[in-house]
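Peer 1: Listed below are the residues making up each chain.
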Amino acid sequence: MTRRIVPKLSKEEYEKNFSDVKPPLSKDAALLEANRCLYCYDAPCIEACPTHIDIPSFIKKIATNNLKGSARVIMESNIMGGTCARVCPVEILCEGACVYNNIKEAKPIDIGRLQRYATDYIFENNIQLFKREKDNGKKVAVIGAGPAGLSCAHKLSMLGYQVTVYEKKDKAGGLNLYGLAAYKITNEFVEKEIEYITSIGGIEIKYNQEVGKNVDIQDLLNSYDAVFIGIGLGKTPKLNIPGEELEGVYDAIQFIENLRINPLEKVSIGEVVAVIGAGNTAIDAATQAKRLGAKKVYIIYRRTQNEMPANIYEYNLALKDECEFLWLTNPTKIIGDTFVEAIECIRMELGEPDSSGRRMPIPIKNSEFLLKVDTVIKALGQISYTNFLTKIQGLELDKGRIKVNPETMQTSIPKLFAGGDCINGGKETVNAVQDGKLAALGIHKMIFS
Amino acid sequence: MVDISSNFVGIKSPNPFWLASAPPTDKQYNVERGFEAGWGGAVWKTIGNPIVNVSSRYSSIDFGSKRMVGINNIELISDRPIEVNLKEIKSVKKHWPDRAVVASLMVESKKEAWHDIVKRTMDAGADGIELNFGCPHGMSERGMGSAVGQVPEYVCQIAEWVVEVSEIPVIVKLTPNISDITYPALAAKRAGAHAVSLINTINSITGVDLDSFVPRPIVGNASSHGGYCGPAVKPIALNMVASIASHPDMKDLPISGIGGISTWRDAVEFMLLGASNVQVCTAVMNYGFRIVEDMIDGLKNWMEQKGFKKLDDFIGLSVGKVKNWGDLDLNYKVVANINQDKCIKCGLCYIACEDASHQAISYFKDKYTKKYEIIEKECVGCNLCQMVCPIQDCITMEQRNIGAPYMNWAMYQEQNK
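First to last, the sequence lines map onto chains Y and D. Using the numbering used here, the first residue of the first sequence is number 1, and each one after it goes up by one. Using the numbering used here, the first residue of the second sequence is number 1, and each one after it goes up by one.
Do not take every clue at face value.
In silico DSSO-like links for lysine-lysine, alpha-carbon gap of 27 Å or less [stated by the list, open to error]:
no., chain 1, residue 1, chain 2, residue 2
1, D, Lys367, Y, Lys104
2, Y, Lys403, D, Lys333
3, D, Lys27, Y, Lys107
4, Y, Lys169, Y, Lys427
5, Y, Lys60, D, Lys371
6, D, Lys370, Y, Lys104
7, D, Lys371, Y, Lys104
8, Y, Lys107, D, Lys367
9, Y, Lys391, Y, Lys427
10, Y, Lys427, D, Lys367
11, Y, Lys107, D, Lys342
12, D, Lys342, Y, Lys104
Think of the hints as simulated: they come from the structure by calculation, not from any bench.
All chains, full assembly: derive it from the sequences and hints.
Peer 2: The structure is reproduced here in structure tokens:
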């Protein structure tokens, strides 16, 4: 018996399936949309944005064809405005707050794509909006070159700091580069944005430097004026069921990363795929499995749609890609000799609320059933680097997350600041960017007041 | 059934919608297409000794995504020989006997020249004559158009020359580029003209190109002031129409209303303020002749709803409602009210009142709610909040009886002596 693997698609099919899910607006479309914005006073979209971009202001500037000014408004608040324009769950953030939602059957402003329109302009025309202040003689170490770390580094450099970023991989970008669906953002863009951020100077990224392995955090704390930690999260937890080691069982984070770092035709996928979990990452994995050519993709979740962590936009993407949700279903066994041949699941029902406040799923006895699948993708969230974090003397954690002052991002260790997924348990790029920005300001405040 | 047929100083048309003298009435082809679409009449593009036009001759202003809120032109009168235009008028009139065809004329300010063209126009079978005393550009530099229209004595003189030979109705088209429109209107009346039409275009520069620094429309490295029209000029035209209609010495002078009319609603407004019919150009330049369909349809539906059987039932109904400020009631009081169920919390009313008006709107905000409310004791009833509100009927102006009788400015002064 051999594994049922989807044959390679044509180049055109890959291109079509993985093309921009939200293509850029044309100039005419951007102007029409910009002119539709009401330019609200104390606009709710600003509050809904974790980085508080002055959205009506940047949209007004698009309408007056002041694109440089528009991009400046965006990127002063959010240096990764380009990435966030592409990947933000705008439906539950800015666009979800647009007052047009209060008009029956009216559509909110397409804020995400307008933001992309403005930020694309400065990237396409190589306009550097920022200038680093004179060196202030202070040095900060940043651990992790993901969105939180890069945001922090940029703000610090702007303020005159010398920043050294320690990145464990050989490329910067973090989940922007490794953790987002390929149809949302391209590697070229991520690289361009990082180049833009670092080109103001004062930022040195040291690659293949894993703090806790070849770099010691105490050394950093001793030799720098402050340290920012933005290490994100680690692996997906194990299912702890038989068969997890079989060929064809993947970690969703790894699967998504494979799609970003390898040519698409090099990533193989089984004919029938089971994705375990119903968060945004599960959907990124499921939709991409489908787009790689899988005939059938199940999204298996032990609770119901009401409890699913994925947002409505992602959920709709999965439906559009014809993924099938199996609610109140939990895997019990992965079956196969050397590779995945089937998965055994059990039906669940909801009981009393658990510690998360959501109703606890309970297995229904003797309701096991088999699904013939060829690939299993585990998307159960990510666990924090508890092993590393608990070794840092004096660092307070809460459920594996680093505890910080939410205004300054300062941890229980005065010189140590933190932000991003390692403090929030896994949120959006935009949250990480905000954390990094606040931490930079927090560091500045600590050092100079 | 309502009857929308029109009789303007003896010129009959199936509806009150005429095409104004302009590019859409430049030649037989256009005019007949207009008639096919349903237009009741057409004032032919001004006939005179043929001119030469510049290329690049229109420019416009946009507002937000709305194109052509106002346009201007530096085009002159017809560039085709007089005899060609007159021959086509004859032909159109033959094909479309039920439609009004009026010839717009402009020649040099000589009695013989005017006598000659008027006679030839009558021979062509035109239903009437419109005297173009309005063009503010080009022709005015040659002593014609608004150069005539701006001097009431000239208006009277030339109109007299026309009236003394014309056996068909004479309409004097007035320029708005004058401090008081009633002066040339009275001059036209004095000369025996049968009607006036207004407004012609307003002298204007629509904008400047920010790269070449040349104003628009760009002709090489220069531009010229041009005649402005379109939706943006409607309020100016309405006021001028009303000021003639309400003038004690011109109550019986028929008016053909022109200026930014795009819809049946605009047309009705002109007619309520005293115009017997209306003329349209810019809206056709924007959308084509087909717009007349809704103008006819909308007008009929509105008349039916209001119980008007014919145009005369409502023409001029609003004339008496335009008064001097000094006659207005100082004790009339309205205040704004915000319908909280309809409010979408855009805050536009608040910031407008706060920065530009009377700080009469309060803003409450906490983690869960936002609320904008009128502070009635501060509200002067200016209407600004209602105007900026993007939601229909969300902000309404409500009358408050302050328990005081009518009092105008003179009475107020008397009382406060």
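Peer 1: If a hint holds in the structure, say so; if it does not, say that too.
Peer 2: Right, here's what the structure says about each hint:
Of the pairs offered as hints, the one joining lysine 367(D) and lysine 104(Y) holds, with about 24 Å between alpha carbons and a cut-off of 27 Å not exceeded. The straight-line distance between the Cα atoms of lysine 403(Y) and lysine 333(D) is roughly 60 Å, outside the 27 Å bound, and the hint therefore fails. Taking the CA atoms of lysine 27(D) and lysine 107(Y), the gap is near 45 Å; set against the 27 Å cutoff, the hint is violated. A threshold of 27 Å between alpha carbons decides the hint, and for lysine 169(Y) with lysine 427(Y) the separation of about 21 Å falls inside it, so the pair holds.
Between the alpha carbons of lysine 60(Y) and lysine 371(D) the distance comes to roughly 25 Å, so the proposed pair stays at or under 27 Å and holds. Distance check on the hinted pair: lysine 370(D) and lysine 104(Y) sit about 19 Å apart at the alpha-carbon level, within 27 Å; holds. Simply put, lysine 371(D) and lysine 104(Y) have alpha-carbon atoms about 19 Å apart, close enough for the 27 Å limit, and the pair holds. Between lysine 107(Y) and lysine 367(D) the alpha-carbon distance is near 24 Å, which keeps this suggested pair within the 27 Å criterion.
Distance check on the hinted pair: lysine 391(Y) and lysine 427(Y) sit about 24 Å apart at the alpha-carbon level, within 27 Å; holds. For the hint pairing lysine 427(Y) with lysine 367(D), the CA-to-CA distance comes to about 22 Å; that is within 27 Å, so the pair holds. This hinted pair checks out: lysine 107(Y) and lysine 342(D) have alpha carbons roughly 16 Å apart, not beyond 27 Å. Between the alpha carbons of lysine 342(D) and lysine 104(Y) the distance comes to roughly 10 Å, so the proposed pair stays at or under 27 Å and holds.
In summary, the numbered hints that this structure violates are 2 and 3.
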